[in-house]
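S.K.: In case you want the letters, here they are:
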Amino acid sequence: DAGVTQSPTHLIKTRGQHVTLRCSPISGHKSVSWYQQVLGQGPQFIFQYYEKEERGRGNFPDRFSARQFPNYSSELNVNALLLGDSALYLCASSLETGANTGELFFGEGSRLTVL
Amino acid sequence: AQSVTQLDSQVPVFEEAPVELRCNYSSSVSVYLFWYVQYPNQGLQLLLKYLSGSTLVKGINGFEAEFNKSQTSFHLRKPSVHISDTAEYFCAVSAVNAGKSTFGDGTTLTVKP
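Going line by line, the protein sequences match chains A and B. Under the working numbering, the first residue of the first sequence carries the number 1, and numbering increases by one thereafter. Under the working numbering, the first residue of the second sequence carries the number 1, and numbering increases by one thereafter.
Think of the hints as simulated: they come from the structure by calculation, not from any bench. Using N, Cα and C, we set each Cβ at its ideal position, and we do this for glycine too. Any given hint could be a false lead.
To be verified - Facing chain A, a subset of chain B residues (Cβ under 10 Å, in silico):
1) 4
2) 6
3) 7
4) 28
5) 32
6) 41
7) 49
8) 53
9) 92
10) 94
11) 96
12) 101
13) 103
14) 105
Claimed, not checked - Residues of chain A clear of chain B, computed beta-carbon distances all greater than 12 Å:
15) 3
16) 20
17) 55
18) 62
19) 64
20) 112
21) 114
All chains should be modelled from the sequences, with the hints used to inform the complete structure.
M.R.: Structure representation (structure tokens):
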């Protein structure tokens, strides 16, 4: 079975531009989360979505937005890019059941460079 | 809210030596605990998890970790490391029934021949 897939794998943008990152979860997983990993740091939680609804949001500005589609895939959008948005953006899927264990299954990430 | 502190940013060790990567956490509610590994240019992969029950948990690739509630620690150990264990290791906590995980800043394990 395919794991979590993300696209694009690498991209370069300039300040002020907009970016859209895409994620397809593992088949059967209904929850998708987004994390930002700046070089030298651990992943920071941005959003969690389940059944197309936002379940949680981290401490990120309104320039960051996301959505989940009926097939459980997801998009992360970032507007008005800043140099500090340069990072590896990780998507993770998880089972969302009454026995949610919090285990995350990560994709390989989209590396965004803002010039 | 939860927080995670990984006490060592870098751990160099020789091949076949034992290793311990230290993790302390803070939380006002019950949590699940995880260790993930990240190889260069890849996403994170789960090594092991503590949900409940026995405080000693075993994971993949010969790693194990011990949950210590009184010391709020979850240290990762391996009795004999290999060159292929060279990677970044992240400790993470998730409040029970919560959707997000909080990660530490990682420990770089470098195994030397």
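S.K.: Indicate, hint by hint, whether the structure satisfies it.
M.R.: How the hints compare with the structure:
1. 4: holds, 8 Å
2. 6: holds, 8 Å
3. 7: Violated. Min distance 14 Å.
4. 28: violated, 17 Å
5. 32: Residue 32 of chain B check passes; min Cβ-Cβ to chain A is 5 Å, inside 10 Å.
6. 41: Check passed: Cβ of residue 41 of chain B comes within 8 Å of chain A, closer than 10 Å.
7. 49: Cβ of residue 49 of chain B sits 6 Å from chain A, so the hint holds.
8. 53: Violated, because the Cβ-Cβ distance from residue 53 of chain B to chain A comes to roughly 13 Å (cut-off 10 Å).
9. 92: Hint holds; residue 92 of chain B Cβ to chain A Cβ min 8 Å, cut 10 Å.
10. 94: holds, 3 Å
11. 96: Status holds, d = 8 Å.
12. 101: holds, 6 Å
13. 103: It holds, given that the least Cβ distance between residue 103 of chain B and chain A is near 3 Å, below 10 Å.
14. 105: For residue 105 of chain B, the interface hint holds, since the closest Cβ of chain A sits about 5 Å away, which is under 10 Å.
15. 3: Since the minimum Cβ distance to chain B is about 9 Å, residue 3 of chain A lies within 12 Å and the statement is violated.
16. 20: Correct as stated: the minimum Cβ-Cβ distance to chain B is 19 Å, above 12 Å.
17. 55: violated, 5 Å
18. 62: Non-interface label stands for residue 62 of chain A: nearest chain B Cβ at 19 Å, farther than 12 Å.
19. 64: holds, 15 Å
20. 112: holds, 14 Å
21. 114: holds, 19 Å
Checked against the numbered hints given earlier, this structure breaks hints 3, 4, 8, 15, 17; the rest are met.
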